[in-house]
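Chemist: Just so you know, the sequences run in chain order A and B. Heads up: the first sequence begins at 1 in the UniProt record's numbering, then just goes up one per residue. Heads up: the second sequence begins at 1 in the UniProt record's numbering, then just goes up one per residue.
Rather than coming from a laboratory, the hints here were simulated on the basis of the structure. It cannot be assumed that every hint is accurate.
Listed next, the in silico DMTMM-like pairs over lysine to aspartate or glutamate satisfying Cα-Cα at most 25 Å (straight line) [as the list claims (entries may be wrong)]:
1) A:Lys159 / A:Asp91
2) B:Lys106 / A:Asp157
3) B:Lys31 / A:Glu125
4) A:Lys31 / A:Asp8
5) B:Lys31 / A:Glu178
6) B:Lys31 / B:Asp8
7) B:Lys14 / B:Glu66
8) B:Lys106 / A:Asp84
9) A:Lys159 / B:Glu178
10) B:Lys159 / A:Glu178
11) B:Lys106 / A:Glu190
Part of the chain A face toward chain B, derived, beta carbon under 7 Å [unchecked claim]:
12) Val32
13) Ala36
14) Leu78
15) Ser167
16) Arg197
17) Met198
Backbone N, C-alpha and C define an ideal beta-carbon position, used for all residues, glycine too.
There are 2 protein chains.
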Amino acid sequence: MTMSQPADLWPDVKPDAARRLMFAAVESFAKVGFHATTTRDIATAAGMSPAALYVHFPSKTALLFEISRTGHERVLTLVQDVIDQGDPPVDRMRLLVERFVEWHAKRHIVARVVQYELGALPEHEYTVVAGLRRRIEQAVQSLITDGVRAGVFSVPDEKVAARAVLSLGIDVARWYSERARKTPRALGREYATLVLRMLGSSAE
Amino acid sequence: MTMSQPADLWPDVKPDAARRLMFAAVESFAKVGFHATTTRDIATAAGMSPAALYVHFPSKTALLFEISRTGHERVLTLVQDVIDQGDPPVDRMRLLVERFVEWHAKRHIVARVVQYELGALPEHEYTVVAGLRRRIEQAVQSLITDGVRAGVFSVPDEKVAARAVLSLGIDVARWYSERARKTPRALGREYATLVLRMLGSSAE
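Okay, chain A solo, but in the shape it has when bound (with noise of 0.2 Å):
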């Protein structure tokens, strides 16, 4: 399984040895899904012992939940990073569907776990993802409530036309793979231009 490394996953995490505890959940959550996996599969893929995994997470659900969390987070903070910005909506939906597919091709078994393992979340921590969730949403829509009423965006519903955005970039997770044709960069320009026409923008 080619992807990136630990610490290009997750600079944010520290010590190194919960970085390669998430690595080793996330490649067994990938492959069998969240309740085929035992802590001890993925102490033992990360050279550890059971107990050693247990000093850094008290649980396999605590260790799908920084997975999912972190991963919303990054992609929160990507969203957000270029709704800040002051550019015309046109060019920043642009830069939003770039990097949005961007992130999902690249990274597509760690986005495979963060899209589509959240039904094993704890109601808690299933809340709490949710409220990123949410939060991913709100933004793209609002990007696309900005352009319309700039004039530069037509749509026929605000809140389908963010989740169709959104769908585009999640459902490359699924498919993707190294073997694809197109660059993670290459596809997200491809599909930043669908998203403008679809959004109803002249530009391209």
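Keeping the supplied structure of chain A fixed, place chain B upon it in accordance with the hints.
Modeler: For chain B alone, kept in the frame of chain A given last:
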């Protein structure tokens, strides 16, 4: 979990016991994943003994394959039926997206298993399903090509555009629930408008 009944989902599967097993399998695969589900779980949920399950399916894998194969065949038929109509490309694409999105919204639990549990299939079974997927993608791409030749669609890359059209529909299975604001049919209509724009059609 609210969803259609076994007889609606698999009208061609006989006898009813086999359908009930597929239904129970879908519910468990969608909830905890293929690897964490046992044949005993499935048999019990269907009100049968594990031995009775083996009368209909030799293994858990055979059940997943049957769910995945029939799901992909239904989608291929749906796509092919629309493509084979003599209508202009814009009308066919609108109808295709309406039906494809409606299918994924209405049967979102089955569709989730069909779309996301592919990785659990053994090589031979995977090859069969991958072949069906390729035919679905090729059918959508050929419709886009028809539209480009007729001068009513214009896209930078027909393969990327086909993937994007399918992505929008498939991702509906991930997020759709009975609590969604839009009915499957209404969502299909809105997505059809967005897709026609994406393909550079001036018709909406």
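Chemist: Compare the structure with each hint and give your call.
Modeler: Now for the hints, and whether the structure bears them out:
no.: 1; hint: A:Lys159 / A:Asp91; verdict: holds (20 Å)
no.: 2; hint: B:Lys106 / A:Asp157; verdict: holds (21 Å)
no.: 3; hint: B:Lys31 / A:Glu125; verdict: holds (17 Å)
no.: 4; hint: A:Lys31 / A:Asp8; verdict: holds (21 Å)
no.: 5; hint: B:Lys31 / A:Glu178; verdict: violated (29 Å)
no.: 6; hint: B:Lys31 / B:Asp8; verdict: holds (21 Å)
no.: 7; hint: B:Lys14 / B:Glu66; verdict: holds (12 Å)
no.: 8; hint: B:Lys106 / A:Asp84; verdict: violated (37 Å)
no.: 9; hint: A:Lys159 / B:Glu178; verdict: holds (17 Å)
no.: 10; hint: B:Lys159 / A:Glu178; verdict: holds (17 Å)
no.: 11; hint: B:Lys106 / A:Glu190; verdict: violated (30 Å)
no.: 12; hint: Val32; verdict: holds (4 Å)
no.: 13; hint: Ala36; verdict: holds (3 Å)
no.: 14; hint: Leu78; verdict: violated (19 Å)
no.: 15; hint: Ser167; verdict: holds (4 Å)
no.: 16; hint: Arg197; verdict: holds (5 Å)
no.: 17; hint: Met198; verdict: holds (5 Å)
Violated hints, listed in ascending order, are 5, 8, 11 and 14; each of the other numbered hints is respected by the structure.
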